[in-house]
Amino acid sequence: MAGWVNPLLDSRDKRLPRIAGPCGVVIFGVTGDLSRKKLMPAIYDLANRGLLPPGFALVGFARRDWADENFAELVHDAVRDHARTPFREEVWARLSEGVRFVPGSFDDDASFDDLAAVVADLDEQRGTGGNHAFYLAIPPATFPVVLKQLARTGLAARNSDQWRRVVIEKPFGHDLHSACELNEIVNDVFPEESVFRIDHYLGKETVQNILALRFANQLYEPIWNSNYVDHVQITMAEDIGLAGRAGYYDGIGAARDVIQNHLLQLLALTAMEEPLSFSPGSLRGEKIKALSAVKLAEPLDETTARGQYTAGWQGGTKVVGVLEEKGINPESTTETFAAITLNVDTRRWAGVPFFLRTGKRLGRRVTEVAVIFKRAPHLPFETTMTEELGQNALVIRIQPDEGVTIRFGSKVPGTAMEVRDVTMDFRYGTAFTESSPEAYERLLLDVLLGEPSLFPVNAEVELSWKILDPVLEHWAKQDRPEPYAAGTWGPPSADRMIAAAGRTWRRP
Amino acid sequence: MIVDLPSTTTSAVNHALIDIRERGGAVALGRVLTLVIVTDDSAQVEQSIDAANEASKEHPCRVVVLARGLKRAGTRLDAQIRVGGDAGASEVLVLRLYGPLADHGDSVLVPLLLPDCPVVAWWPGAAPAVPAEDPIGRLAQRRITDTAAASQPIKALESRRTSYTAGDTDLAWTRITPWRALLAAALDLPPHEDVETVTVTGAADNPSADLLAGWLRSRLHVPVRRRTSPPGGGISAAVLERRSGKVELVRPDGKVGTLRQPGQPERRVPLRRRPVRDCLAEELRRLDPDETYQAALQALTEVDGRRASPTKSPLTAQTRDVETRTDQ
Chain A
39 MAGWVNPLLD SRDKRLPRIA GPCGVVIFGV TGDLSRKKLM PAIYDLANRG
89 LLPPGFALVG FARRDWADEN FAELVHDAVR DHARTPFREE VWARLSEGVR
139 FVPGSFDDDA SFDDLAAVVA DLDEQRGTGG NHAFYLAIPP ATFPVVLKQL
189 ARTGLAARNS DQWRRVVIEK PFGHDLHSAC ELNEIVNDVF PEESVFRIDH
239 YLGKETVQNI LALRFANQLY EPIWNSNYVD HVQITMAEDI GLAGRAGYYD
289 GIGAARDVIQ NHLLQLLALT AMEEPLSFSP GSLRGEKIKA LSAVKLAEPL
339 DETTARGQYT AGWQGGTKVV GVLEEKGINP ESTTETFAAI TLNVDTRRWA
389 GVPFFLRTGK RLGRRVTEVA VIFKRAPHLP FETTMTEELG QNALVIRIQP
439 DEGVTIRFGS KVPGTAMEVR DVTMDFRYGT AFTESSPEAY ERLLLDVLLG
489 EPSLFPVNAE VELSWKILDP VLEHWAKQDR PEPYAAGTWG PPSADRMIAA
539 AGRTWRRP
Chain B
145 MIVDLPSTTT SAVNHALIDI RERGGAVALG RVLTLVIVTD DSAQVEQSID
195 AANEASKEHP CRVVVLARGL KRAGTRLDAQ IRVGGDAGAS EVLVLRLYGP
245 LADHGDSVLV PLLLPDCPVV AWWPGAAPAV PAEDPIGRLA QRRITDTAAA
295 SQPIKALESR RTSYTAGDTD LAWTRITPWR ALLAAALDLP PHEDVETVTV
345 TGAADNPSAD LLAGWLRSRL HVPVRRRTSP PGGGISAAVL ERRSGKVELV
395 RPDGKVGTLR QPGQPERRVP LRRRPVRDCL AEELRRLDPD ETYQAALQAL
445 TEVDGRRASP TKSPLTAQTR DVETRTDQ
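Residue numbers (the working numbering), protein chains in the order written: chain A, 39 to 546; chain B, 145 to 472.
Quick caveat, the hints were computed from the structure, so don't treat them as lab data.
Just so we're clear, the structure is a prediction, and the values are computed from it rather than from any experiment.
Heads up, none of these hints are tricks.
Pairs of lysine-lysine, DSS-like flavour, derived with a Cα cap of 30 Å:
id : chain 1 : residue 1 : chain 2 : residue 2
1  : A       : Lys75     : A       : Lys208
2  : B       : Lys390    : A       : Lys52
3  : B       : Lys201    : A       : Lys75
4  : A       : Lys52     : B       : Lys399
Construct the entire structure; sequences and hints are all you get.
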């Protein structure tokens, strides 16, 4: 009813959690890693925190000859092994009452008719009220057939006081053209406001903290521009290889897998202007503006780098090179390291390069945004006194060891005046919580509440591809990516790339 | 690591803290608040520290326990510092105050507060009549009491009501957050009709049931009736009457709630009594005045059928230990 206000809710009543209204989640691809390690534990954790509605339903769909009990067992084990909060029998008992399983394959009409019947049944028995989220934890190639089935069986249709939402995971296409195609297919069945694209980075507390750091403080905003910032480095390094994901990764590569979504989202949050408010609309508006201003630095030969890891020693273990990994074409030219240079063509960022890099089998697992400041314009010291002074830096550590580091010069104790870099550290773990919610918990709850702030929209996805496409095309015309030994920080061309701009990579 | 400092002074304690930081790197600088636990020197000390350590995983803090020992003894301060594995994500200072010093806990506390950070005072057992005017309460931005742990809960609730000051809060209020959230979510569903009357059923001496009734009264402005159920059971039901029928949340066994409302199937929901550590973690999540609690307190006088100040059977007072005391 329009204009009706729940008399029990009050914005001043901050301890009252928002519980999602009656609803259910249907997961496609329940046997996959994502479902078992992230989704199901997140659903349990939400239930344990009392944030799921009474009568919540969870439906699994997969090609298995299972009954509801078998699926409940899979969920139980996934929860036991991976949930963040302690296992409580009474919570599990209530949750498992709403667990259903539908066996079948995506091209089988009959099994989707079964699914529709199960969903209708849940509305009846559990009171899910016709509100359902469809989580596609499946390869994108299977999206069209599943979406078509959802449309055919009327599962995607809703009447006025119900909602149906679809949740999709990256990759959102493999270039601009395919992304537009995918968006069209999805939007054919679900309107854009019902589409929730998961970029799990955006569910991380530290990423949301970029906004708090920038816009809640007086300290940083005045220097957050080209007057003071020299350049920005955004790094996402993994120490693992392709283990198990080779089939997915071959032909995709580091740039499509990570830069297109995570790193460009981090760039948008770092570079955007202050939003008018934190409403989803203004936040997206600013991110889209920032992404629209992003231009590739040219020539691409000198401003980009890519590589493939070769066999080597990493952290005390002997590991094979990418071309020897199981499931990879030994002739593959898929890059496992990618670095690009971007400019943000706005008054705020004129002349400040943004260096983005990502890779597998790098030195250690780390994701961070490093804002490197210019040197002080004048140093009233003798040069010998400041030989060890580097550039000031503000580093937002996204994972692991979430927090913020500031690097600045400090006097070395002693009779001589000598200045050296020191670090000041803020750790989330010590200031707040060890038990902060997992990204998927936050994102799933937002899906159920219909709160779209943390999900990239069509326009953001398409803009990101528009930025990256020329690089991908350029690379496609080159030979093999440059090799780099596993356990190092990438190929020499990455160092040459940043050296050409007169900077060096920081060691994260 | 546990360091004992018998018969000591606060400057020696501060000194020892810096020492420990230099040697072990146990950092106090990232702490977000100082939690002061005021209690008698009894079994309650360890129970409260356990709860605080659990809560500190969400809110790393310095915990200062002021344990009042024998007043007839000579003046003495015994201190114990716990860091690392013995203190969760916090550092714990247990200060035992003997003799005349027992009445001057605030003088011991001042040098041990973290710079700038908010101070939260918590009385797990008996609380001062007016927490905001207590010497330790005055140092704190937020004062947590637990009327359910008082020897006369309803009388304690009355005194909280008449002396409410911004920053006061009550674990009896914290315990009903899940009830409140479920009732609010239930009203979100159609039909969006006005609530006409409300009944809250719970043990006569249960302050949480009173606060739930008070909250509903303050939000809905309709007649709210309080009914009594057998002692020890906490809240057993909340019923909101609307034209189309009742919205009913009942919890007969203290574990699982059942939600009934017209046009919807019956739903069951886990609704166990919350342990103290959960309540404490929730309390520490916000440090500004809780206006909703204030409104609920003040609406208590408008609730029908509430026992103003019942006499409490001494038997229940003795047999209830900390866990079962968490009646909601």
